[in-house]
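Enquirer: Sequence:
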Amino acid sequence: MDLKYDVYWNGKRVDRHIRKFIDNICESTLEAAWSFNRAHRTTFQDTTCVIEEKVTWALFKKNTGLNCTTSTINDRFIKHLKLTNNLLPTLEIMKERRYDLYGDVKCRMCLEENEDDDHIIYCQQLRDKWLVVANNTRYKCDQMLKDLLSQEKYLQLNQEDTQQLLLWNRKFFVHTTDSNQELPIPHAQLMIKNFFPKEKYREIKLIVKSEKATLTITTLLLEIFVNEFYRIIWQPRCNLITEWERIKGIKKQDLRKKIPAHQHITYERTPTQQIDGATYDLKGRKILKHSE
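Okay, so the sequence shown: first residue is 0 according to numbering that gives the first Met the number 0, each after it adds one.
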């Protein structure tokens with residue numbers, strides 16, 4: 000039986016259209032959560048010895064909020080999913096969507112290589128910025144730890160353990176002999192996907208001797224790192240792309256515009272060849288510039 004009822008908030012009736020909108024938002028959030036789980040089931044199975052999945056899910060739940068019904072929480076949730084699913088709109092992603100607009104454009108930082116998720120980590124022009132991300136994360140986490148230590152009911156450590164905890168944070172992004180020296184900072188390839196290294200989780204757990212405190216600290220550290228990445232690296236990079244799009248005459252309505260399927264150019268890593276000053280795809284079709 001389909002029951003119809005009215006909902007009141009502070010004595011005022013909640014309009015059915017608003018209720019329907021909220022229901023749709025909550026349903027979409029649940030669908031996204033299930034989609035996330037399916038896509039990363041094998042990822043967690045294959046990397047359980049490398050990442051501490053409890054931190055990933057704790058940050059996931061924090062980013063969704065209670066019902067994910069505000070624009071701020073929704074934006075934060077979308078960013079989280081894009082990072083974890085390698086769906087940041089890098090130039091390689093944009094080429095796959097609209098190669099007719101983006102062509103063979105290279106990374107706007109180094110101007111030499113294709114820009115994908117890995118290149119953002121390894122780009123030589125971004126190494127100094129990654130160091131800034133690490134230093135900012137270290138500083139803000141130091142303040143966070145001191146705040147937690149001041150709350151004696153939450154975290155109680157003797158002086159020796161307190162010093163070990165602060166030292167753990169300050170050495171978090173220091174390269175060791177067995178780390179990948181090509182990375183600008185250790186663990187970047189994991190943390191950029193909202194994954195926390197299991198070895199670092201074990202280290203701090205031995206210090207604080209509390210599962211709850213360990214999970215809280217590592218989740219906050221990962222959140223700070225991701226926020227610093229967006230602020231120091233991703234947002235300035237987006238500003239460069241926006242300026243490049245302006246120079247090329249690419250507008251938002253161009254990106255929203257759907258092109259016929261027969262005109263869509265499937266992007267490949269080496270998709271073009273130069274013939275008589277013109278650009279052709281591998282099937283011999285001339286690729287028109289946006290201005291043409």
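Check the hints yourself; a few may be wrong.
[As the list claims (entries may be wrong)] Computed cross-link-like contacts, DSBU-like style, restricted to lysine-lysine with a CA-CA straight-line distance of at most 30 Å:
(1) Lys204 / Lys61
(2) Lys53 / Lys170
(3) Lys251 / Lys53
(4) Lys19 / Lys61
Calculated directly from the structure, the hints in this document are not laboratory data.
No experiment lies behind these values; they were computed from the predicted model shown.
Enquirer: Regarding the pair Lys251 and Lys53, is the alpha-carbon distance no greater than 30 Å?
Expert: 38 Å, violated
Enquirer: CA of Lys19 to CA of Lys61, is that 30 Å or under?
Expert: 24 Å, holds
Enquirer: Take a quick look at whether Lys53 and Lys170 sit within 30 Å of each other, Cα to Cα.
Expert: 22 Å, holds
Enquirer: For the pair supplied as a hint, Lys204 and Lys61, confirm whether the alpha-carbon distance does not exceed 30 Å.
Expert: 21 Å, holds
Hint violations for this structure: number 3 only, all remaining hints satisfied.
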